[in-house]
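Enquirer: What follows is the residue order along each chain.
4 protein chains.
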Amino acid sequence: MKKEFIYKYRIRYADTDKMGVAYHGRYFEWFEAARTELMRANGMSYDSLEDQGISLPVIEAQCRYVQSVQYDEIVQIKTWIDDVTRSRLLIRYELFTKESGRPKAHGFTMHCYMNKQGRAVRAPHDLVEFFNKFLSKKK
Amino acid sequence: MKKEFIYKYRIRYADTDKMGVAYHGRYFEWFEAARTELMRANGMSYDSLEDQGISLPVIEAQCRYVQSVQYDEIVQIKTWIDDVTRSRLLIRYELFTKESGRPKAHGFTMHCYMNKQGRAVRAPHDLVEFFNKFLSKKK
Amino acid sequence: MKKEFIYKYRIRYADTDKMGVAYHGRYFEWFEAARTELMRANGMSYDSLEDQGISLPVIEAQCRYVQSVQYDEIVQIKTWIDDVTRSRLLIRYELFTKESGRPKAHGFTMHCYMNKQGRAVRAPHDLVEFFNKFLSKKK
Amino acid sequence: MKKEFIYKYRIRYADTDKMGVAYHGRYFEWFEAARTELMRANGMSYDSLEDQGISLPVIEAQCRYVQSVQYDEIVQIKTWIDDVTRSRLLIRYELFTKESGRPKAHGFTMHCYMNKQGRAVRAPHDLVEFFNKFLSKKK
Chain A
463 MKKEFIYKYR IRYADTDKMG VAYHGRYFEW FEAARTELMR ANGMSYDSLE DQGISLPVIE
523 AQCRYVQSVQ YDEIVQIKTW IDDVTRSRLL IRYELFTKES GRPKAHGFTM HCYMNKQGRA
583 VRAPHDLVEF FNKFLSKKK
Chain B
463 MKKEFIYKYR IRYADTDKMG VAYHGRYFEW FEAARTELMR ANGMSYDSLE DQGISLPVIE
523 AQCRYVQSVQ YDEIVQIKTW IDDVTRSRLL IRYELFTKES GRPKAHGFTM HCYMNKQGRA
583 VRAPHDLVEF FNKFLSKKK
Chain C
463 MKKEFIYKYR IRYADTDKMG VAYHGRYFEW FEAARTELMR ANGMSYDSLE DQGISLPVIE
523 AQCRYVQSVQ YDEIVQIKTW IDDVTRSRLL IRYELFTKES GRPKAHGFTM HCYMNKQGRA
583 VRAPHDLVEF FNKFLSKKK
Chain D
463 MKKEFIYKYR IRYADTDKMG VAYHGRYFEW FEAARTELMR ANGMSYDSLE DQGISLPVIE
523 AQCRYVQSVQ YDEIVQIKTW IDDVTRSRLL IRYELFTKES GRPKAHGFTM HCYMNKQGRA
583 VRAPHDLVEF FNKFLSKKK
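Chains as they are written, first to last, in our numbering: chain A, 463 to 601; chain B, 463 to 601; chain C, 463 to 601; chain D, 463 to 601.
Keep in mind the hints are simulated off the structure, nothing from the lab.
It should be emphasised that the depicted structure is a prediction, and the values quoted were computed from it without experimental measurement.
Heads up, none of these hints are tricks.
A pair counts as met if it fits within one copy or between any two copies, since identical chains are not told apart.
The list that follows gives simulated cross-link-like pairs (lysine-lysine, BS3-like), each with its CA atoms no further than 30 Å apart: (1) LYS578 - LYS560; (2) LYS566 - LYS578; (3) LYS578 - LYS465; (4) LYS470 - LYS560; (5) LYS599 - LYS560; (6) LYS560 - LYS540; (7) LYS599 - LYS465; (8) LYS470 - LYS540; (9) LYS560 - LYS464; (10) LYS566 - LYS470; (11) LYS464 - LYS595.
Turn these sequences into a full structure, and let the hints guide you.
Expert: Rendered as structure tokens:
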């Protein structure tokens, strides 16, 4: 089990805005990639989960931007599951660059479980167990 | 019939990059909105076309960037159908700002017709007729 | 003074994801457009504010997604200033569609004031006064 | 000299649209990342080029979409310089997935050289020489 995953991504021109730094809305795309890789590192492809009829839509997203990040910097996003119940999944993110001892941004996404008909459902027990295995309550 | 449609859009911070101007990849999102409004202005919602089982995927996209456009500028995108057959639909775009006599960018998208199974198909005659009504070969 | 602004935007294909609804990260771009128009409706262009050497970077962003929104729907984003001090500006958003009595999403962005050198600064008094004029503490 | 670079990227949810495949406009962001890595593989960071006062804005972009690509697929983008003069730089791209013998998309971007004042300029000889070293006229 890998309780944490570090997702690495080099910031593109497309991610920046005229302030010269990465646009705040883009972080949520990186968070998405980060949690997908956290799951894959633990043996589950999100794609196959959807094939089984369960998706994990975001019901809340938040980010605190402590320091801006620049074009061409490689960001490292530490990602872990902070809480899991049969109705909710809470994933947290901390974004670093090579130089930064402290996170330059941190945030979370809250997810529910949704079936193919687009309705919120209680998660199957084995899915909750799966997430529980690499649960990593930090704070 | 409205052979041309002028789609107006105010450039967001999110559209810009660190060069201080709109990112080239974003123009294709504006073109998409422009052609959707061209169809709607002629009585067809693209959404309802998809409900009928026909979608119009982009099989080629091109843009020439003559002059950059800035944050908070309102771009005006002149949009028209340049060619239509039972296998292809060609839509053209010219992007202006208030001050510009000549287009600051121009481009096209080429579309095919796709059924619900994701296969390219020949367009129904009434759809081709519909597009033919506001066809506007310019150049 | 317009204490609230309703920003309207029709959802593009580019805004959607394979779940068939608008991607959660895109909402923050719409919020950005909404707050820009709130300021403009009160006589200030954000662009001219930057020309004066003050920008308003996002230091925190949050959104709660209550119900998904679809391609081609027009979203209406009610936007207002919820709090203002010399170091912080808090803007809130509620997203509706035509049919929805209750918001389908709601969120906020927190901003600081930044000078041309990229440093957080205390806001000039007249700027705080300006924001105070259309402050609208709701909850 | 590495005349070609293969840029790899795993498609995110954010890249997809409600057709269930990657949105056509997103390819241009991947092309951007691909050409940046082509240059880096040959010893030049685009960022440092800009620090020297030369940027390479896109003056034309084109893509042919032969077959769609899916969420979670890894795309491989073969990138090479197809032509270089003192006023223009032409970069080509072919996009593959693991399974595909033939490219699923191919396109190009044409660039000019721009100085810090935002004016098109003739490229310094050493820059043209640099690009010439890994020029790879294919077709």
